[in-house]
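There are 2 protein chains.
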Amino acid sequence: MPKISDARKAERREQILAGAARCFAEHGYEGATVAKLEREIGLSRGAIFNYFASKEDLFLELAARDTKRVSEVFLDRGLEGVLHEILEFDPSWLSVYLELVRRARTDPAFRTRLESRETEFVLANRARVEEAQRAGEIRDDLDPKSLGIFVNLVLHGLMVQRATGEDPPPVGLVLGLLEDAIGGARRRTPSRTPA
Amino acid sequence: MPKISDARKAERREQILAGAARCFAEHGYEGATVAKLEREIGLSRGAIFNYFASKEDLFLELAARDTKRVSEVFLDRGLEGVLHEILEFDPSWLSVYLELVRRARTDPAFRTRLESRETEFVLANRARVEEAQRAGEIRDDLDPKSLGIFVNLVLHGLMVQRATGEDPPPVGLVLGLLEDAIGGARRRTPSRTPA
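In order, the protein sequences belong to chains A and B. Each residue of the first sequence is one higher than the last, beginning at 224 in our numbering. Each residue of the second sequence is one higher than the last, beginning at 224 in our numbering.
No lab work stands behind these hints, which were simulated from the structure alone. Among the hints, a few may not be true.
Pairs count within a copy or across copies, as identical chains cannot be separated in the list.
[What the hints assert, rightly or not] Straight-line distance between alpha carbons at most 20 Å, and here's what the computed EDC-like set of lysine to aspartate or glutamate pairs gives:
#	residue 1	residue 2
1	Lys368	Asp390
2	Lys259	Asp364
3	Lys368	Glu402
4	Lys291	Glu303
5	Lys278	Glu308
6	Lys368	Glu389
Please model the complete structure; the sequences and the hints are all you need to start from.
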């Protein structure tokens with residue numbers, strides 16, 4: 224059997240991930256059987272599981288990429304960028320996350336793996352929040368962790384809303400209210416300032 | 224066969240709903256097979272489906288009761304009450320909702336049934352919000368619908384957080400930030416007021 228080059232391996236890895244993402248989005252995580260994964264990816268189970276040890280590994284790699292991308296958007300474009308990013312996610316893919324919430328609660332090994340992939344980004348995001356506090360962009364009477372809890376509630380709510388297929392709320396509305404909650408000295412959206 | 228009294232019928236209906244709730248919470252909606260429902264409820268499928276036409280009807284009745292209860296809490300004790308109420312929900316039951324998000328998006332008939340049970344409460348809640356605006360308790364530069372969108376993002380985020388089994392955030396933190404976002408003239412949590 225001819226040896227596959229590294230470039231070819233990387234390409235195949237991407238093919239597998241892209242097909243798995245489509246398959247999970249279409250059928251849900253539980254619904255994405257090995258047979259369906261083979262069909263969507265266009266490779267045999269032997270080839271697929273040569274690259275990823277399990278279906279769980281496929282999901283975790285896709286989730287890690289999402290986390291990385293959203294964190295980069297946050298560092299680069301702030302909360303507004305993140306809100307736009309979430310609105311651009313495929314609702315079918317977002318519902319895969321919601322489907323796995325039960326598993327994150329009941330399967331500690333899965334939970335640990337999921338969280339371990341987030342740690343570095345949580346730290347980077349928190350450093351950015353501290354920087355914004357020092358710059359007076361956001362309030363500093365609450366610690367970054369507390370502010371993060373609240374912002375994450377809104378972001379997760381947005382995920383649910385999108386996954387349910389509802390019309391997206393205006394980014395400006397959500398951003399304005401979020402800024403009124405966590406913003407610095409500058410207060411309230413302009414509409415409230417007396418003329 | 225002896226005729227069952229109305230009181231006995233009502234009692235049996237409650238028995239069925241309570242068993243179905245336990246079964247959905249433990250196995251998930253998809254995982255709650257008819258055989259498992261029979262075991263948990265303690266009645267045959269014939270008896271169960273004599274009271275509720277389908278598994279979907281069982282879920283919708285349970286969901287309608289949640290909606291009614293949360294709406295009553297809101298009218299009676301405001302947002303703080305609702306936050307406490309959500310934190311008291313069984314995380315396993317909350318994840319049933321998240322599991323059905325995909326279905327709400329892809330099955331229009333299910334979605335319509337789900338939404339039709341919420342309409343009266345949405346209207347009652349909105350009237351309460353208008354009242355709070357007139358009383359100056361919350362900001363009035365945004366309409367009740369917009370404020371509701373934001374509050375619902377936070378509440379749905381809280382559902383996800385609880386269903387994932389994470390430690391609950393302090394109610395005071397979430398309430399304080401929510402009030403800073405939607406509050407009236409009174410601004411910011413006390414910690415920010417200079418001594």
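Report task. Pop the pair Lys278 and Glu308 into one bin, within, between, both or neither, using alpha-carbon distances up to 20 Å. Result -> Neither: 26 Å inside a copy, 36 Å across copies.
**Report entry** Identical-chain pair category, Lys291 with Glu303, by Cα at 20 Å
**Finding:** within (17 Å within a copy, 34 Å between copies)
Requested in this report: Give the relationship of Lys368 and Glu389 under a CA distance limit of 20 Å: within one copy only, between copies only, both, or neither.
Outcome: Answer is between: at 14 Å across copies they meet the 20 Å cutoff, but 30 Å inside does not.
Requested in this report: Tell me, please, which holds for Lys368 and Asp390 at an alpha-carbon limit of 20 Å: within, between, both or neither?
Outcome: between (30 Å within a copy, 13 Å between copies)
**Report entry** Identical-chain pair category, Lys368 with Glu402, by Cα at 20 Å
**Finding:** both (16 Å within a copy, 19 Å between copies)
Query raised in the report: With identical chains treated as interchangeable, where does the CA-CA distance between Lys259 and Asp364 reach 20 Å or less: within a copy, between copies, both, or neither?
Result: Neither, since 51 Å and 51 Å both go past 20 Å.
When each numbered hint is compared with the structure, violations occur for hints 2, 5.
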